[in-house]
Amino acid sequence: MTDLGRQSAIAYRARAHGLDAPGDAATVLATGVQDYPPGRSAGAALRLRGTTPARTVLLHTMRGALHVHAESDAALLAAALRIEDGREPAAASMGSFGTGLAAAGTGFATALDAVAAAMRAVTADAVPRTKGELSGAVTPRVDAAFAPFCPGCGVHHVQDALFRYATLQAGLGVEVTAPAQTHYVALGAPGAAVGPAVGRDTARAHLVRRFLRAAGPARPPHLAAWLALTPAAARTWWDLVADELEPVAVEGGRSFAHAADIGALTGAAPVRGVRLLPPCDPLTELADRELAVPDAAHRRQVWRAAGAPGVLLVDGEVAGTWRQRATRSRLALTLTPFAPLAPSVAAGAEPDARTLAACAGAARAEVRVADPA
Numbered sequence: 000m001t002d003l004g005r006q007s008a009i010a011y012r013a014r015a016h017g018l019d020a021p022g023d024a025a026t027v028l029a030t031g032v033q034d035y036p037p038g039r040s041a042g043a044a045l046r047l048r049g050t051t052p053a054r055t056v057l058l059h060t061m062r063g064a065l066h067v068h069a070e071s072d073a074a075l076l077a078a079a080l081r082i083e084d085g086r087e088p089a090a091a092s093m094g095s096f097g098t099g100l101a102a103a104g105t106g107f108a109t110a111l112d113a114v115a116a117a118m119r120a121v122t123a124d125a126v127p128r129t130k131g132e133l134s135g136a137v138t139p140r141v142d143a144a145f146a147p148f149c150p151g152c153g154v155h156h157v158q159d160a161l162f163r164y165a166t167l168q169a170g171l172g173v174e175v176t177a178p179a180q181t182h183y184v185a186l187g188a189p190g191a192a193v194g195p196a197v198g199r200d201t202a203r204a205h206l207v208r209r210f211l212r213a214a215g216p217a218r219p220p221h222l223a224a225w226l227a228l229t230p231a232a233a234r235t236w237w238d239l240v241a242d243e244l245e246p247v248a249v250e251g252g253r254s255f256a257h258a259a260d261i262g263a264l265t266g267a268a269p270v271r272g273v274r275l276l277p278p279c280d281p282l283t284e285l286a287d288r289e290l291a292v293p294d295a296a297h298r299r300q301v302w303r304a305a306g307a308p309g310v311l312l313v314d315g316e317v318a319g320t321w322r323q324r325a326t327r328s329r330l331a332l333t334l335t336p337f338a339p340l341a342p343s344v345a346a347g348a349e350p351d352a353r354t355l356a357a358c359a360g361a362a363r364a365e366v367r368v369a370d371p372a
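The numbers in numbering that gives the first Met the number 0 rise by one with no breaks, and the one at position 370 of the sequence shown is 369.
Derived by calculation from the structure, the hints in this document are not laboratory data. Be careful, since some hints might not be right.
[What the hints assert, rightly or not] Simulated restraints, written as ranges between beta carbons of each label pair:
{"hint": "1", "residue 1": "A108", "residue 2": "T335", "range": "43 to 53 Å"}
{"hint": "2", "residue 1": "T129", "residue 2": "A91", "range": "20 to 30 Å"}
{"hint": "3", "residue 1": "A357", "residue 2": "P269", "range": "25 to 35 Å"}
{"hint": "4", "residue 1": "D2", "residue 2": "A125", "range": "51 to 61 Å"}
{"hint": "5", "residue 1": "D2", "residue 2": "A179", "range": "23 to 33 Å"}
{"hint": "6", "residue 1": "E70", "residue 2": "A357", "range": "22 to 32 Å"}
{"hint": "7", "residue 1": "P52", "residue 2": "V126", "range": "23 to 33 Å"}
{"hint": "8", "residue 1": "Y35", "residue 2": "A357", "range": "17 to 27 Å"}
{"hint": "9", "residue 1": "D2", "residue 2": "T129", "range": "51 to 61 Å"}
{"hint": "10", "residue 1": "A325", "residue 2": "G252", "range": "33 to 43 Å"}
{"hint": "11", "residue 1": "G262", "residue 2": "T129", "range": "20 to 30 Å"}
Ideal Cβ positions, reconstructed from N, Cα and C, are used throughout, including at glycine.
Assemble the whole structure, with the sequences as input and the hints as a guide.
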């Protein structure tokens with residue numbers, strides 16, 4: 000078993016994520032770049048890696064969350080994420096809805112197919128629709144079991160996680176038409192399913208390999224968290240590539256890497272310099288959090304349930320967080336480090352600060368460093 004130090008794992012991930020210079024977004028685009036709020040974070044994450052891919056789409060994919068993907072990956076994602084059993088998703092992502100369907104003898108795939116078919120019928124007119132408009136048009140067309148009463152909305156509508164996953168099966172993507180405003184649109188011909196078809200297990204194996212390339216070394220629970228699946232369900236995905244993996248020792252623990260990535264892992268040189276990563280950046284979203292940020296108090300600052308900050312990266316290590324305040328002419332960034340920083344860090348952050356300002360439509364950026372948290 001290869002004995003891999005923490006520094007090698009951290010360096011590998013930073014390089015795999017295109018955070019060296021010049022950067023490359025290919026690996027993170029292969030696993031998707033979360034976009035939250037819609038139209039805000041993914042564009043910055045890609046531009047900070049020195050690339051703006053031409054043909055991308057915004058889809059509900061991993062965990063039902065919106066991610067930017069290569070347009071050519073839509074069929075693969077639809078095949079991989081066609082959940083068949085409502086007991087597979089983690090409770091945090093779907094509550095008791097999926098297990099309730101299973102208890103009633105209804106497969107989740109049955110619900111997915113029914114809702115997706117209704118979505119295709121509704122959107123065959125090629126009219127973009129908001130989530131409320133699409134849900135309102137689809138709900139009367141499907142079985143009442145798929146549209147429980149929602150106390151928050153005060154109406155019956157297609158269950159939220161089911162709705163999100165069904166959009167992918169229906170061949171629908173999301174267009175950001177204004178700040179905080181989105182519409183669902185057909186990826187191909189209106190009313191057509193995404194295609195061509197890809198085998199489910201083949202598609203899932205591809206995604207696991209991509210996950211390991213971006214987040215390795217890893218273990219099945221890390222895959223489960225990324226996909227919002229139960230440990231048992233994630234294990235069925237993992238087992239599709241188990242014979243391609245090699246065990247590695249990291250900080251005394253046993254993890255796994257794809258055999259094709261071992262050379263890059265063991266030979267990864269540290270990434271130097273200062274980087275500012277946006278909220279929901281792939282480096283933190285796909286992370287083994289304990290390895291990436293060993294201190295529990297610091298982890299609580301990075302991964303918040305609401306209002307997640309951006310991340311300050313110094314020489315490949317998560318060294319703090321950042322927040323922004325924007326006006327039309329200026330983006331003010333406040334860096335809050337975990338420990339005192341060298342005076343050069345603020346200056347080192349300026350190139351990424353300028354990129355973030357451009358993404359926010361601001362003419363210039365200002366960087367200040369707060370006292371350590």
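Per the hint of 33 to 43 Å, is the separation of the Cβ atoms of A325 and G252 within bounds?
-> holds (41 Å)
Consistency of beta-carbon spacing, T335 to A108, with hint 43 to 53 Å | Taking Cβ atoms as reference, A108 and T335 lie about 45 Å apart, which means the hint holds.
Between D2 and A125, does the beta-carbon spacing fit 51 to 61 Å?
-> holds (57 Å)
Distance restraint hint 23 to 33 Å, applied to the beta-carbon atoms of D2 and A179 = violated (48 Å)
Has the hinted range 51 to 61 Å been met by the Cβ atoms of D2 and T129?
-> holds (53 Å)
Range hint 25 to 35 Å (beta carbons of A357 and P269) holds or violated | Roughly 28 Å apart at Cβ, these two residues keep to the hinted range, so it holds.
Okay, E70 versus A357 on CB: inside 22 to 32 Å?
-> 24 Å Cβ-Cβ, so the 22 to 32 Å window holds.
For the range 23 to 33 Å, tell me whether the beta carbons of P52 and V126 fit it or not.
-> With Cβ atoms ~28 Å apart, the hint holds.
Supplied distance hint 17 to 27 Å, evaluated on CB atoms of Y35 and A357 | For Y35 and A357 the Cβ distance comes to about 20 Å; the hint holds.
Using the Cβ atoms, figure out if G262 sits within 20 to 30 Å of T129.
-> Given about 48 Å between the Cβ atoms, the range is violated.
Determine whether the Cβ-Cβ distance between T129 and A91 falls within the hinted range of 20 to 30 Å.
-> holds (26 Å)
In this structure, the earlier hints numbered 5 and 11 are contradicted, and the remaining ones agree with it.
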